[in-house]
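Trainee: Letter by letter, the chains look like this.
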Amino acid sequence: MQTLIENFSERIREAAARRTPLRLRGGGTKDFYGCSLEGELLETGPYRGVVDYEPSELVITARCGTPLAEVERTLDQGGQMLAFEPPHFGERATLGGCIAAGFSGPRRAYAGSARDYILGARLLDGRGQDLRFGGQVMNNVAGFDLSRLVTGSCGSLGLLLDLSLKVLPKPEKELTLSFECTDAQAIERMNQWAGRPLPLSASCYLQGRLHLRLSGAHSAVDAGVVKLGGEQVPDAGDFWRDLREQRLPGFGGTLWRLSVKSSAPPLGLPGSSVIEWGGALRWIATDAPAEQIHAAARNASGTAARFRGGARTEPPFLLTAAILELQRGLKATLDPDSILNPGRLHPQI
Amino acid sequence: MGKIESVTSPEHGHAHEQGPADPALRALLVERLAEVLDAAGLLCEPEELRPYECDGLSAYQCVPLVVALPANEEQVCKCLAVCHELGVPVVARGAGTGLSGGALPHAQGVTLGLSRLSRILEVDPLARTARVQPGVRNLAISEAVAPLGLYYAPDPSSQIACSIGGNIAENSGGVHCLKYGLTVHNVIRLRVATIRGEILELGSDGLDTPGYDLLALMIGSEGLLGVVTEITVRLLPKPECAQVVLAAFASVAEAGAAVAKVIGAGIIPAGLEMMDKLATAAVEQFVHAGYPLDAEAILLCESDGTTEEVAAEIAHVSEVMRASGATQIRTSRDDAERLRFWSGRKAAFPAVGRILPDYYCMDGTIPKRKLADVLMGIAALSRQFGLQCANVFHAGDGNLHPLIMFDANEADQAERAAQFGSRILELCIEAGGTITGEHGVGAEKIGEMCLQFGRGELETFLGVKRTFDAKGLLNPGKAVPTLHRCAEFGAMRVRRGQERFPDLPRF
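Taken in order, these protein sequences are the chains called P and L. Note that the first sequence covers residues 1 to 349 in our numbering. Note that the second sequence covers residues 1 to 507 in our numbering.
Certain hints may be false.
Unchecked claim - The calculated DSS-like cross-link candidates involving lysine-lysine, where the alpha carbons are at most 27 Å apart (straight line), are: (1) K346(L) - K370(L); (2) K346(L) - K170(P); (3) K277(L) - K370(L); (4) K179(L) - K170(P); (5) K277(L) - K227(P); (6) K179(L) - K261(L); (7) K238(L) - K170(P); (8) K179(L) - K238(L); (9) K238(L) - K173(P); (10) K170(P) - K227(P); (11) K179(L) - K173(P); (12) K238(L) - K227(P); (13) K170(P) - K471(L); (14) K78(L) - K471(L); (15) K277(L) - K261(L); (16) K370(L) - K173(P); (17) K78(L) - K179(L); (18) K227(P) - K173(P); (19) K346(L) - K261(L); (20) K238(L) - K346(L); (21) K179(L) - K346(L); (22) K346(L) - K277(L); (23) K179(L) - K370(L).
To be verified - Partial chain P-side listing against chain L, Cβ under 10 Å, derived: (24) V50; (25) S113; (26) R115; (27) F133; (28) N140; (29) V141; (30) Q192; (31) A217; (32) D222; (33) A280; (34) A300; (35) F317; (36) I323; (37) T333.
Stated by the list, open to error - What the simulated footprint calls covered on chain P by chain L, stretch by stretch (three residues with Cβ under 8 Å from a Cβ of chain L suffice, anywhere in the stretch; the number is not a length): (38) 56–68; (39) 150–161; (40) 164–175.
Treat the hints as calculated values from the structure; they're not laboratory data. Ideal Cβ placement from N, Cα and C applies to all residues, glycine included.
Model the full assembly from the supplied sequences, consistent with the hints where possible.
Mentor: And the structure:
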């Protein structure tokens with residue numbers, strides 16, 4: 001494996017010397033995401049395998065090319081899981097791609113996001129230097145939090161090598177309830193119920209129904225059902241998986257992701273909408289102009305980003321001049337020759 | 001907190017190293033700050049400056065050039081702009097309870113105290129958020145939202161006094177962070193003043209923001225990247241109930257194994273703490289928490305949630321403890337007893353302080369499986385240095401707090417305590433852990449940073465710092481050492497595999 005790292009590092013140094021971009025790629029399942037895909041392909045898949053996993057430590061360390069499915073299988077054997085429930089978007093999804101994209105799934109609002117669970121990252125920066133940030137322990141405040149910074153950076157700050165993540169035990173029981181209601185009622189209920197001590201682990205409103213998932217000890221889930229009412233949905237595992245993988249209706253066409261205040265009323269944008277994360281995540285499939293979508297997000301105290309489809313050359317999200325300058329400065333710190341996935345996250349980064 | 005006067009070195013912020021202040025520059029600074037602050041907001045007299053000479057790590061002291069106490073965000077920005085223009089260092093300070101000297105003043109710098117920004121600006125009961133100023137006390141947030149059935153989860157042991165702004169700087173945790181996370185997991189938005197005096201909005205009222213995660217980068221950056229002026233925190237519903245299991249063990253190793261078994265059984269306790277015999281003996285004299293005194297180690301394991309959940313989890317925990325060889329198991333019968341069980345843990349530091357006049361609290365994290373080895377190593381060091389050390393431990397997170405006891409009035413004890421502490425941190429690094437779990441690097445552990453990180457990582461940190469603060473004015477000399485500093489510490493050459501003291505025995 002060290003030879004592989006040296007090969008990666010050599011390719012990065014060469015690319016830096018020639019100032020020719022590299023396109024870092026795990027399984028390629030998220031090629032749809034972000035802007036520019038330019039650069040010579042550097043496949044990370046061969047650098048794979050779980051490095052360290054001890055269930056009682058609640059930590060797993062694996063190489064970037066490890067299939068996400070393999071990571072999840074390994075954890076499953078220890079009765080544990082990636083609590084941020086990441087989407088795969090294809091069988092070839094890798095752990096490196098998962099962290100580079102920084103996506104989180106249905107459990108996010110209740111358990112936390114990809115960046116909440118990352119503990120450490122070993123990476124090659126744009127000079128090919130082998131660097132280690134964070135670690136394999138939970139409480140760690142030594143140095144700036146670079147492992148969280150690289151989460152969601154679309155490979156633009158370094159080639160992620162080994163990743164350490166906090167993991168959690170799988171719940172004893174999961175059960176899904178469904179309620180017929182309007183979108184406004186759904187938002188109201190999701191917020192009210194999240195303020196009560198209930199074992200919620202996912203929520204979704206689509207096609208006139210609110211779905212709520214309860215997870216935890218048998219006793220807690222059963223008590224939650226009594227408190228909430230609604231109809232129990234049999235075999236709801238498929239529903240949440242299909243939601244996570246965006247295989248349900250409402251995710252077609254040009255798809256926008258709006259991260260807003262959870263209690264914000266329905267946004268009133270044209271097109272179809274799916275609401276997740278207790279109201280804090282609104283997916284909108286629409287051909288409405290970008291300005292209209294950004295304005296709606298701003299009104300809801302949040303932000304919008306183009307997630308899938310649309311014009312890939314356009315900035316997918318808005319940054320103020322000051323924030324853009326800082327982000328470009330961070331990029332220049334880790335990748336001074338701008339050769340690692342340049343323009344993938346944003347055309348100007 | 002004891003004094004370790006002998007611990008002085010460059011970049012620790014000591015006046016003699018930083019040289020005398022230029023009187024003309026000081027006069028100009030005072031004049032310019034007086035234009036932007038009200039009369040109560042500028043302290044210049046020696047007797048006014050003295051209370052700011054240290055934070056919770058009182059071994060490190062330095063009188064600041066002046067203290068600025070802005071009353072609002074606009075004044076914060078103007079103070080920073082003045083300092084930026086004049087090239088004056090700025091040390092932001094919350095409540096001054098930090099344990100790593102992060103708010104230690106700079107002899108030629110302004111200490112920017114944020115205590116007057118102490119208002120809770122808005123509470124949104126439906127969205128479960130609170131928007132607060134940085135000087136608000138941690139506990140005050142939970143108290144303010146208690147009538148809504150909500151609370152702010154991170155609860156550092158100093159929560160009665162520490163400020164939320166300081167919590168952001170240090171990414172503070174607390175006894176409940178295994179289940180509820182650190183500050184970074186519970187803050188969604190910040191307003192931050194840059195060294196140039198401009199406001200940045202990081203994060204949003206949503207759960208994430210596109211682009212690089214500057215919010216996560218800012219949290220725990222120890223005042224090196226910006227000054228927080230406003231914070232939006234997430235609030236959680238208060239658990240219906242909580243209960244604690246107290247379990248006693250005949251050896252530290254068995255207690256450590258029990259921790260692994262609890263976690264391995266799929267339980268995430270709300271709190272899981274260990275205390276060794278020396279620590280329990282100290283607190284028992286002090287608070288009478290009812291701890292068994294013959295046990296080599298005790299565990300406190302708290303469960304919270306719905307009534308049904310807690311009942312099931314407590315039964316499960318008790319069973320695991322019994323199977324792990326606990327010599328005694330007690331379950332809190334009511335909230336009064338639960339609080340009494342915790343009172344000992346919470347009083348551990350002051351109780352240890354009653355045995356000997358001074359103690360030095362360390363803070364390192366290790367993988368839990370290395371606990372017994374590291375504690376044996378600490379015991380050996382304790383014999384070697386001739387100083388007692390009590391151990392309290394956030395066992396669920398692997399975060400150790402060895403308390404080295406000494407008497408600063410006795411010969412070289414303070415010096416020995418400092419060396420002992422540094423050696424404990426080396427043990428933590430060797431075990432695959434870190435030199436600071438939750439107290440921060442500050443001025444205290446700047447040298448040990450050179451042991452944990454190599455040149456490439458440190459250069460990256462310094463590059464991040466320059467991106468936000470090109471002149472290096474925000475809290476200089478803290479958190480991230482310069483390479484020059486590491487060369488002095490003499491550590492660069494021994495990182496990764498090589499021993500710092502190859503002739504000494506290791507455990």
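Trainee: Are the hints correct? Go through all of them and say.
Mentor: Results for each hint:
1. K346(L) - K370(L): OK: K346(L) and K370(L) at ~25 Å, within 27 Å.
2. K346(L) - K170(P): Outside the cut-off at roughly 31 Å; violated.
3. K277(L) - K370(L): 19 Å, holds
4. K179(L) - K170(P): 14 Å, holds
5. K277(L) - K227(P): Given that 27 Å is the threshold and the Cα spacing comes to 45 Å, the pair is violated.
6. K179(L) - K261(L): Holds, at about 17 Å.
7. K238(L) - K170(P): Answer holds: K238(L) to K170(P) is near 23 Å, not above 27 Å.
8. K179(L) - K238(L): 14 Å, holds
9. K238(L) - K173(P): 22 Å, holds
10. K170(P) - K227(P): 23 Å, holds
11. K179(L) - K173(P): Roughly 18 Å separates the two Cα atoms, so the pair holds.
12. K238(L) - K227(P): 17 Å, holds
13. K170(P) - K471(L): Cα-Cα ~48 Å, so violated.
14. K78(L) - K471(L): It holds: about 17 Å lies between the C-alpha atoms, which stays within 27 Å.
15. K277(L) - K261(L): 21 Å, holds
16. K370(L) - K173(P): 32 Å, violated
17. K78(L) - K179(L): Measuring from Cα to Cα gives roughly 40 Å; hence the hint is violated.
18. K227(P) - K173(P): 17 Å, holds
19. K346(L) - K261(L): Answer holds: K346(L) to K261(L) is near 25 Å, not above 27 Å.
20. K238(L) - K346(L): 21 Å, holds
21. K179(L) - K346(L): This hinted pair holds, its Cα atoms lying about 19 Å apart.
22. K346(L) - K277(L): Holds, at roughly 16 Å.
23. K179(L) - K370(L): 21 Å, holds
24. V50: 16 Å, violated
25. S113: 6 Å, holds
26. R115: Result: holds, 6 Å to nearest chain L Cβ.
27. F133: 7 Å, holds
28. N140: Where the cut-off is 10 Å and the nearest Cβ of chain L is about 4 Å from N140(P), the hint holds.
29. V141: 5 Å, holds
30. Q192: 7 Å, holds
31. A217: 5 Å, holds
32. D222: For D222(P), the interface hint holds, since the closest Cβ of chain L sits about 7 Å away, which is under 10 Å.
33. A280: For A280(P), the interface hint holds, since the closest Cβ of chain L sits about 5 Å away, which is under 10 Å.
34. A300: 8 Å, holds
35. F317: With a minimum Cβ separation of about 4 Å from chain L (threshold 10 Å), the hint on F317(P) holds.
36. I323: Given a least distance of 7 Å, the restraint on I323(P) holds.
37. T333: The hint holds - T333(P) has a Cβ within 10 Å of chain L, the shortest such distance being about 3 Å.
38. 56–68: Holds: 4 residues of the stretch 56–68 of chain P have a Cβ under 8 Å from chain L.
39. 150–161: Answer holds; 4 residues pass the 8 Å Cβ test.
40. 164–175: Check passed, 4 qualifying residues.
When held up to the earlier numbered hints, the structure conflicts with 2, 5, 13, 16, 17 and 24 and fits the remainder.
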